[in-house]
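Protein chains in written order, with numbering that gives the first Met the number 0: chain A, 0 to 766; chain B, 0 to 120.
These are computed hints drawn from the structure, not numbers from a lab.
Any given hint could turn out to be false.
Here are the in silico distance ranges between beta carbons for each label pair [what the hints assert, rightly or not]:
| hint | chain 1 | residue 1 | chain 2 | residue 2 | range |
| --- | --- | --- | --- | --- | --- |
| 1 | B | Lys-60 | A | Glu-462 | 41 to 51 Å |
| 2 | A | Pro-743 | B | Glu-35 | 50 to 60 Å |
| 3 | A | Thr-556 | B | Glu-110 | 19 to 29 Å |
| 4 | A | Ala-656 | B | Lys-39 | 49 to 59 Å |
| 5 | A | Thr-556 | B | Asn-42 | 40 to 50 Å |
| 6 | A | Leu-563 | B | Glu-41 | 40 to 50 Å |
| 7 | A | Gly-589 | B | Glu-95 | 21 to 31 Å |
| 8 | A | Glu-505 | B | Met-93 | 42 to 52 Å |
| 9 | A | Pro-743 | B | Glu-95 | 26 to 36 Å |
| 10 | A | Pro-743 | B | Glu-41 | 50 to 60 Å |
When the alpha-carbon atoms are kept at most 35 Å apart in a straight line, the in silico DSBU-like pairs for lysine-lysine are as follows [unchecked claim]:
| hint | chain 1 | residue 1 | chain 2 | residue 2 |
| --- | --- | --- | --- | --- |
| 11 | A | Lys-592 | B | Lys-90 |
| 12 | A | Lys-592 | B | Lys-97 |
| 13 | A | Lys-592 | B | Lys-117 |
| 14 | A | Lys-597 | B | Lys-97 |
| 15 | B | Lys-2 | A | Lys-571 |
| 16 | A | Lys-628 | A | Lys-618 |
| 17 | A | Lys-560 | B | Lys-2 |
| 18 | B | Lys-65 | A | Lys-585 |
| 19 | B | Lys-117 | A | Lys-571 |
| 20 | A | Lys-520 | B | Lys-97 |
Beta carbons: idealized from backbone N, C-alpha and C, even for Gly.
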Amino acid sequence: MIKPQVLVVEDEAIVAEDIRRTLENLGYAVPSIASSGEKAIQIIEKHNPDLILMDVVLQGKMDGVETAKQISSLFNIPVIYLTAYSDKTTIERAKITDPFGYIIKPFREKELKMAIEIALFKHETQEHLKESKEWLSTTLKSISDAVVATDPEGCVKFMNPVAQSLTGWSLKEAQKMPLKDVFHVIYENTGEPVEDFVTEMDCKGAFSKENQTALIAKNKTKIPLDICSASIKDERGSIIGTVMVFRDITERKKTEDALKESEERYRRLVDFSPFGISVYSDHRIVYINLAGAKILGAVKPEELIGKNIFQIIHPEYHELVKERIRRQEQGEVAPLIEEKFQRLDGAPVDVEITSIPFIYKGKTGIYGVFQDITERKRAEEALRLKEERFRLLIENASDVITILNVDGTISYESPSVERVLGYRPEELIGRTLYEYVHPDNLADVTNTINNLVQNPGAARSAEFHCMHKDGSWRIIEFVGKSILNDTGANELIINSRDITNRKLAEERLKEANIELIRANKLKTQFLSVVSHELRTPITPMNAQLQMILAGFFGETTEKQKNSLDMILRNTKRLDRLIGDVLDISKLESGVMKFNTAKACLNEIVENAVETMRIQALDKNQELTIKEDKIPEITVDKDRITQVVVNLLNNAIKFTDAGGKIEVELSGNADHARVEVRDNGIGIKKEDQERLFTPFQQVDSSESRKYEGSGLGLAICKKIVTYHGGSIGIDSKTGRGSTFYFTIPYDYRIKEEKVDSSLFEKIMQNEA
Amino acid sequence: MGKIMIVDDNRDIAETLRTIMEIEKHETELASNGEEFLSKVENVNPDLVLLDVMMPGLKTKDILAKLKEKRLDRLRIMLVTVVRFSEEERKFLMDEFKIRDYVTKPFDIPELVNRVRKALL
Chain A
0 MIKPQVLVVE
10 DEAIVAEDIR
20 RTLENLGYAV
30 PSIASSGEKA
40 IQIIEKHNPD
50 LILMDVVLQG
60 KMDGVETAKQ
70 ISSLFNIPVI
80 YLTAYSDKTT
90 IERAKITDPF
100 GYIIKPFREK
110 ELKMAIEIAL
120 FKHETQEHLK
130 ESKEWLSTTL
140 KSISDAVVAT
150 DPEGCVKFMN
160 PVAQSLTGWS
170 LKEAQKMPLK
180 DVFHVIYENT
190 GEPVEDFVTE
200 MDCKGAFSKE
210 NQTALIAKNK
220 TKIPLDICSA
230 SIKDERGSII
240 GTVMVFRDIT
250 ERKKTEDALK
260 ESEERYRRLV
270 DFSPFGISVY
280 SDHRIVYINL
290 AGAKILGAVK
300 PEELIGKNIF
310 QIIHPEYHEL
320 VKERIRRQEQ
330 GEVAPLIEEK
340 FQRLDGAPVD
350 VEITSIPFIY
360 KGKTGIYGVF
370 QDITERKRAE
380 EALRLKEERF
390 RLLIENASDV
400 ITILNVDGTI
410 SYESPSVERV
420 LGYRPEELIG
430 RTLYEYVHPD
440 NLADVTNTIN
450 NLVQNPGAAR
460 SAEFHCMHKD
470 GSWRIIEFVG
480 KSILNDTGAN
490 ELIINSRDIT
500 NRKLAEERLK
510 EANIELIRAN
520 KLKTQFLSVV
530 SHELRTPITP
540 MNAQLQMILA
550 GFFGETTEKQ
560 KNSLDMILRN
570 TKRLDRLIGD
580 VLDISKLESG
590 VMKFNTAKAC
600 LNEIVENAVE
610 TMRIQALDKN
620 QELTIKEDKI
630 PEITVDKDRI
640 TQVVVNLLNN
650 AIKFTDAGGK
660 IEVELSGNAD
670 HARVEVRDNG
680 IGIKKEDQER
690 LFTPFQQVDS
700 SESRKYEGSG
710 LGLAICKKIV
720 TYHGGSIGID
730 SKTGRGSTFY
740 FTIPYDYRIK
750 EEKVDSSLFE
760 KIMQNEA
Chain B
0 MGKIMIVDDN
10 RDIAETLRTI
20 MEIEKHETEL
30 ASNGEEFLSK
40 VENVNPDLVL
50 LDVMMPGLKT
60 KDILAKLKEK
70 RLDRLRIMLV
80 TVVRFSEEER
90 KFLMDEFKIR
100 DYVTKPFDIP
110 ELVNRVRKAL
120 L
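Please put together the full structure from these sequences, using the hints given.
Here you go:
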């Protein structure tokens, strides 16, 4: 054990030596003796003693009290005064230096030892306390939490720097002020002030989450706080104050809010995802979103929470899913697969699902995303059926369906090819179409195929002779179209059929047609001969009658004259009939020869009117003409004249004596129009249509009194139509009729293949 | 008055025409076909021939061609036909064979007479 070292400061050497001896006897070490204040300080610096025995009265500049004062300011060493004087003034002076003891000389050894021991102990205790205070103060200063303590009266006793800066109050300002005035805390949700920190907190000395608090600082800013508080009690348990530890949670709150917002956002994403999203752990559904619930036939997700997943997986898939879960529990991610679920009502539902394992509450959880693919499956099935139907259609079609690559290679051939060309489809696939095409048609087929390739989407057709398996040539007609196939390449779909028989039939038809044309010609020739033969006997009959009536052969009686008139009239009628029959048959068989040339329609109409004027005069009818100047038109002058004459003839015939007939020739931008109007008997609407068909005279007893072949208008219609015009009637029974026809100015008359040699034949006695 | 030669294979028509021509105070001579006509025409030397078209035997075209060969420039020919010629055909006949006119059968006597008178002018 180390002896405590004691410095003795005594200016009287004997006394000092005596004290040293006493001290050493008492078990202390005395390293040195100082005879003055100055010396004492020098020795202290050198030896650093544990205690100083100081004589109050010292020689020199400093007495004992002064020296102790200096020591106290320079060193931390307890001082005990020794003095023979105990006067009041000295003691008062000594007191100021806060000595550890005071011994009056003369003293006893025991007294000295006690004083020394007390001083050493007191010093040691004081050191401990000081150290402890230092530690506490440093701790409070350095922690990031704010600390406020109150005295028993609830006034602020202590605030650490953090508390000061947070509240805006310095300790100096706040000390002794009521806590409420300095530390103004409110509940954030209500705005109410916190009255009593201790009683309003829960048992753990903190506010619950719902009761979030905030500090109103001195400058009125609001700071969210986390507060803990506790009562300070003395050893007897009486409350001597409250300590509050609090912290600014602005940043934490911000982070928390951001986290909350982010979580909310993701939760919404999941909750309202159009995909079904579920989490299951231990084979139990722990989460499912709304879409997922709907897929499974639930109204709310809650209906499914806690259910075993095998209740919602279709039994067919249980084994598969078990295997998948086993693998997922080993960390595998399941690929997107098609699976079948079972709805709450038991109905199966096709889904597509992908799932990944993750840690859920310390266990393996599985996160699944799925969608209802019932519709898609249905559409796929419908498409498959449609394809099947088209396949059946193609395979059972009587036409041959071929798919060609652009180079002519056959990539598909429908089964009907065997029926048509004798080859089985597999014999043709891979070969080129050109191998089977007749050399004469090769260029044509190649052109068509190239054309198809160059014009995607366009259809082209061709005919060619194709080699049958039996070596014969069949005539094939095909229609092709180029399309993009599923790989994006161009290919040709060809639809072909055997038209050999049709061609033969066409050939026969053509022959039959030629025969028909020949027969028609024969008919015309026959009619021509017949008309000649018929006209020949009429000619002398007609001439003889004229001569008798003219009185060349003597007088005739009135009765004879009437009779002869009747015969003459009928020979004339017979002649006209023959002429009309000949015309219509020539027009209908297309052998009528038209001689077209530029002509003046005004002239034609005027001449026709003049020709018919005598007949009109005979019936005392007024015949007038009104005309515009019409440009020259290419027409058959004789035939157009025939039309006008015919219309006029009808008008005169079917209009009573004294009637009125008007001819009007007008022209517009593209055609001329001739109208013949009368105020005769008119024609019923229902009869108007058939006027222009051959041998149709308005059939009534009325018409019997008007002779005619019934061919005139049919002939007119043929002639007008030949010129590109139209003919018609506008009439009401009893209100007269207007017949009209039009002739376009620039109609290109078709050069019909007519028997232009008819004249020739007549001249050669053949017709 | 003139001398008219009537060529027609139909006897009745020929006689009828002769009657009409005689009423018109013309001298007449008949032939019943092309051959007979051609053999007689130079001797008869008519002022006008009424020539039927489409007689058996020699064809009208050949008759006309042969007449052209004979260079009987003064001879006036009028065709009597059942066929109505078109403008074009009429023009052709006039230019090629110096045909004066034609009448269609059956004919209207005043018209025939007029045409014959005109042809003889």
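Hints versus structure:
The beta-carbon spacing between B/Lys-60 and A/Glu-462, approximately 48 Å, falls within the hinted interval of 41 to 51 Å. At about 52 Å, the CB distance of A/Pro-743 to B/Glu-35 agrees with the hint of 50 to 60 Å. Our hint of 19 to 29 Å for A/Thr-556 and B/Glu-110 holds, since their Cβ atoms are close to 27 Å apart. In this structure the supplied range 49 to 59 Å holds for A/Ala-656 paired with B/Lys-39, their Cβ-Cβ distance being about 52 Å.
With their beta carbons about 45 Å apart, A/Thr-556 and B/Asn-42 fall inside the hinted range of 40 to 50 Å. A C-beta distance of roughly 41 Å is found between A/Leu-563 and B/Glu-41, which places it inside the suggested range of 40 to 50 Å. Range check, A/Gly-589 to B/Glu-95: Cβ separation about 28 Å, and the 21 to 31 Å hint holds. Remark: the range hint 42 to 52 Å for A/Glu-505 to B/Met-93 is upheld by a beta-carbon distance near 48 Å.
A C-beta distance of roughly 35 Å is found between A/Pro-743 and B/Glu-95, which places it inside the suggested range of 26 to 36 Å. For A/Pro-743 paired with B/Glu-41, a C-beta distance near 54 Å keeps the hint of 50 to 60 Å intact. Proximity of A/Lys-592 to B/Lys-90 is assessed by CA-CA distance (about 16 Å); at most 35 Å being required, the pair is judged to hold. As the CA atoms of A/Lys-592 and B/Lys-97 are separated by approximately 24 Å, the hinted pair is consistent with the 35 Å bound.
Among the hinted pairs, A/Lys-592 with B/Lys-117 is consistent with the structure: their alpha-carbon atoms are about 30 Å apart, no more than 35 Å. With a C-alpha separation of about 25 Å, the suggested pair A/Lys-597 and B/Lys-97 falls inside the 35 Å cut-off, and the hint holds. For the proposed pair B/Lys-2 and A/Lys-571, the alpha carbon gap of about 30 Å is at most 35 Å, so the pair holds. As the CA atoms of A/Lys-628 and A/Lys-618 are separated by approximately 30 Å, the hinted pair is consistent with the 35 Å bound.
Between A/Lys-560 and B/Lys-2, the direct Cα distance comes to roughly 33 Å. Compliance with the 35 Å bound is thereby established for this hinted pair. The hinted pair formed by B/Lys-65 and A/Lys-585 meets the criterion: a straight-line CA distance of about 32 Å does not exceed 35 Å. Distance check on the hinted pair: B/Lys-117 and A/Lys-571 sit about 25 Å apart at the alpha-carbon level, within 35 Å; holds. Pair hint A/Lys-520 plus B/Lys-97 holds up; C-alpha atoms about 32 Å apart against a cutoff of 35 Å.
In summary, this structure violates none of the numbered hints.
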